[in-house]
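Chain by chain, the residues run as shown.
Protein chains: 2
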Amino acid sequence: MSVLEQAAAARVAAIDLARATRAEKDAALLLMADRLVERTDDIVHANGVDITNARANGLSEAMIDRLTLTPERVAAMADGLRQLAVLPDPIGDVVRGSTLANGLELRQIRVPFGVVGMIYEGRPNVTADAAGICLKSGNAALLRGSGSAFASNAAIVAVLRKAVADAGLPVNTVQLLDATTRDSVKELMRARGLVDVLIPRGGASLIKTVVEESTVPVIETGVGNCHVYVDSAADLEKALAVTVNSKTQRYSTCNTAESLLVHAAIADTFLPLVLEELQSRGVTVHGDARVAGFSDAVVAATDDDWGTEYLSPDIAVAVVDSLDDALDHIRQWGTGHTEAIVSESTTATRRFVAGVDAAAVMVNASTRFTDGGEFGFGAEIGISTQKLHARGPMGLPELTSTKYVVTGNGHTR
Amino acid sequence: MSVLEQAAAARVAAIDLARATRAEKDAALLLMADRLVERTDDIVHANGVDITNARANGLSEAMIDRLTLTPERVAAMADGLRQLAVLPDPIGDVVRGSTLANGLELRQIRVPFGVVGMIYEGRPNVTADAAGICLKSGNAALLRGSGSAFASNAAIVAVLRKAVADAGLPVNTVQLLDATTRDSVKELMRARGLVDVLIPRGGASLIKTVVEESTVPVIETGVGNCHVYVDSAADLEKALAVTVNSKTQRYSTCNTAESLLVHAAIADTFLPLVLEELQSRGVTVHGDARVAGFSDAVVAATDDDWGTEYLSPDIAVAVVDSLDDALDHIRQWGTGHTEAIVSESTTATRRFVAGVDAAAVMVNASTRFTDGGEFGFGAEIGISTQKLHARGPMGLPELTSTKYVVTGNGHTR
Numbered sequence: 001m002s003v004l005e006q007a008a009a010a011r012v013a014a015i016d017l018a019r020a021t022r023a024e025k026d027a028a029l030l031l032m033a034d035r036l037v038e039r040t041d042d043i044v045h046a047n048g049v050d051i052t053n054a055r056a057n058g059l060s061e062a063m064i065d066r067l068t069l070t071p072e073r074v075a076a077m078a079d080g081l082r083q084l085a086v087l088p089d090p091i092g093d094v095v096r097g098s099t100l101a102n103g104l105e106l107r108q109i110r111v112p113f114g115v116v117g118m119i120y121e122g123r124p125n126v127t128a129d130a131a132g133i134c135l136k137s138g139n140a141a142l143l144r145g146s147g148s149a150f151a152s153n154a155a156i157v158a159v160l161r162k163a164v165a166d167a168g169l170p171v172n173t174v175q176l177l178d179a180t181t182r183d184s185v186k187e188l189m190r191a192r193g194l195v196d197v198l199i200p201r202g203g204a205s206l207i208k209t210v211v212e213e214s215t216v217p218v219i220e221t222g223v224g225n226c227h228v229y230v231d232s233a234a235d236l237e238k239a240l241a242v243t244v245n246s247k248t249q250r251y252s253t254c255n256t257a258e259s260l261l262v263h264a265a266i267a268d269t270f271l272p273l274v275l276e277e278l279q280s281r282g283v284t285v286h287g288d289a290r291v292a293g294f295s296d297a298v299v300a301a302t303d304d305d306w307g308t309e310y311l312s313p314d315i316a317v318a319v320v321d322s323l324d325d326a327l328d329h330i331r332q333w334g335t336g337h338t339e340a341i342v343s344e345s346t347t348a349t350r351r352f353v354a355g356v357d358a359a360a361v362m363v364n365a366s367t368r369f370t371d372g373g374e375f376g377f378g379a380e381i382g383i384s385t386q387k388l389h390a391r392g393p394m395g396l397p398e399l400t401s402t403k404y405v406v407t408g409n410g411h412t413r
Numbered sequence: 001m002s003v004l005e006q007a008a009a010a011r012v013a014a015i016d017l018a019r020a021t022r023a024e025k026d027a028a029l030l031l032m033a034d035r036l037v038e039r040t041d042d043i044v045h046a047n048g049v050d051i052t053n054a055r056a057n058g059l060s061e062a063m064i065d066r067l068t069l070t071p072e073r074v075a076a077m078a079d080g081l082r083q084l085a086v087l088p089d090p091i092g093d094v095v096r097g098s099t100l101a102n103g104l105e106l107r108q109i110r111v112p113f114g115v116v117g118m119i120y121e122g123r124p125n126v127t128a129d130a131a132g133i134c135l136k137s138g139n140a141a142l143l144r145g146s147g148s149a150f151a152s153n154a155a156i157v158a159v160l161r162k163a164v165a166d167a168g169l170p171v172n173t174v175q176l177l178d179a180t181t182r183d184s185v186k187e188l189m190r191a192r193g194l195v196d197v198l199i200p201r202g203g204a205s206l207i208k209t210v211v212e213e214s215t216v217p218v219i220e221t222g223v224g225n226c227h228v229y230v231d232s233a234a235d236l237e238k239a240l241a242v243t244v245n246s247k248t249q250r251y252s253t254c255n256t257a258e259s260l261l262v263h264a265a266i267a268d269t270f271l272p273l274v275l276e277e278l279q280s281r282g283v284t285v286h287g288d289a290r291v292a293g294f295s296d297a298v299v300a301a302t303d304d305d306w307g308t309e310y311l312s313p314d315i316a317v318a319v320v321d322s323l324d325d326a327l328d329h330i331r332q333w334g335t336g337h338t339e340a341i342v343s344e345s346t347t348a349t350r351r352f353v354a355g356v357d358a359a360a361v362m363v364n365a366s367t368r369f370t371d372g373g374e375f376g377f378g379a380e381i382g383i384s385t386q387k388l389h390a391r392g393p394m395g396l397p398e399l400t401s402t403k404y405v406v407t408g409n410g411h412t413r
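Here the protein sequences come in this chain order: P and L. In terms of UniProt numbering, the first sequence opens at residue 1 and continues consecutively. In terms of UniProt numbering, the second sequence opens at residue 1 and continues consecutively.
A few of these clues could be false.
Claimed, not checked - Computed beta-carbon distance windows for the label pairs:
id	chain 1	residue 1	chain 2	residue 2	range
1	P	N102	L	Q279	27 to 33 Å
2	P	E5	L	V299	54 to 60 Å
3	P	I64	L	T346	38 to 44 Å
4	L	D321	P	E5	43 to 49 Å
5	L	R182	P	L4	30 to 36 Å
No lab work stands behind these hints: they were computed from the structure. Every residue gets a Cβ at the ideal spot worked out from N, C-alpha and C, and that includes glycine.
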């Protein structure tokens, strides 16, 4: 089937799926989980094909590790589906309601989007995750994973589709798109009217392409050039803890800090502490001229450093003369993901929170907290860095639209 | 200035505007209103230039009436701004909030988008309306009205900008774009990163162009091919009232009914009633073969009729054999705006509400109720027919994004 035919089939499935009760959807999720575990051998075997191809294509060992499925990882995928079954169903939630002056009863209720397209790279476990999140929110999923995981994804989706059908829901609730050609991405981006929303998850270039070329509405996820600003009124112990945690707790995530801005008034005391701590953990510091004075190991920073999402043990460090200079720097180089301030001053934190235009602002806390799990959402589809529809970590409610239901008794204007 | 330069100036204005208090914004709105009234003569004079040009260009009298500003219409624009000042400020509203297990305080608060682009046709009163709604919601506005109203819009915007500046807010909170060339629309659609959201208001072709060509996120408004379905269990008196009101209360609006679907079981009793009533009001009925049997005046309907938003005294009428057939018809031809059912059966209305995929579903009520004013929103930017971000009538909260503010005490992961 072509992508458009698959999208049309998804639309039909979405009609029935929108009417499914929470009990029916949760039963399907639990069956999907059980079947994944039962069919572990088949899935791991299919994954072996992908790994063989990956080695033949010279993929790095880090990439191959991300691609690899073990029985433990399959079990973790199943657990993810079981956790979704426990979460509340967003569908049918009354977002707003009132009785109008003329007696009309107005309710705004959550409904599924209908058909959700996901374009993602790397790990095959995202396949089960995305399918489950879409199903729980009442959406039919069109999954376009990476070519390198195509055999694994096909095996997983075959198991999930059988389970969905056996649970009495439409089999086309979950569909995998051809990942052997770029054409499937292009067709998906032009399927306006058949696909309600497209969510790209992956590298900056994938997201840029989808955002610029898609006629289907897009929820943009991900790129994070996050800053930690250490104010003149910072508690240095907290500043050290927050900076080091934001940078080093994990290097490859979008909520990792990539830049540190230090107020000039405390540079003399704070910079020696933080540079030593970062360098002791193997982090390369790319600093401006004022930072360089504190350590011979500082590499001179260029504009590229201020604008880069390193995703590696590197950090750009600048001294700023004021909170406003920090805000200007962040406005120029930030990506609107997460920005943190460390300060004991309520005036400074209030001004920073108001002045920063980002999905999340941390006050005396690590940038690493911008995460659906940390926020208590239970499931996360990604972190939106756009302002329309959803901003920040997206849970199940962010995968829904709404519908106004207005009930009268023959009312006319 | 080029559109991109104007957009860049709007971004700068938006930074200060985002920090403005409700009191500052309301004071500006009231001053804008007063100044419009004071400067009525100038505005009406500029409008005269547009009207002279319109006559020279052969515009219809109906279009010229829409374009015409009188002192009364200027006063009405001013009243619209005063009413905005009374509405609650959406900015700063806490949408969601909790204290996480680790003591982090999580708040999701409403913030302005930043820069909003509006592309609209016809009436110059939309200019003041759009500027006021954007200002109240903390957004800088880039207004691209129609070429035919350019002199009027320029006069209005000049008055508004002076008032905004005199009230102490950034002058570039309101800017008018060149409407003498299509290039300004194209540049606006490519100003991703400078413009946060684009709202086209106008005819179907304008909206289609913007939706397909814009890289800036778009909120789609308006096309309404709305249906009234009269169920076998309908109260015929209510059915007659709702149908006639939905079709004839006003012909030119997007929430006007364009099609009537009648269940076969009541066609014999209901069709004679409704056809006579509609025809007595000068409505042309385009009917299928079964409808034609009830009146010689019925014009044979083609597929074009099922798919057309007439915006005129015309209605397409079909007999359907079941509620499911009605749902199928609506799925095929509807535009996702407003669909109505008239029925005394709770089973039927429940199934219709669940099965229809539209911004609004009316139960025993006229389609004409889908309106921000009727819903009690106070202000309306338009009616969204897309599923992302906002669906249905949009009030001030729909012109905002959100930001997570997370407050800790040196928290790390």
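Next item on the list: Taking the numbered hints from earlier one at a time, note which ones the structure violates and give those numbers from smallest to largest.
Entry: Violated: hints 2, 3 and 4.
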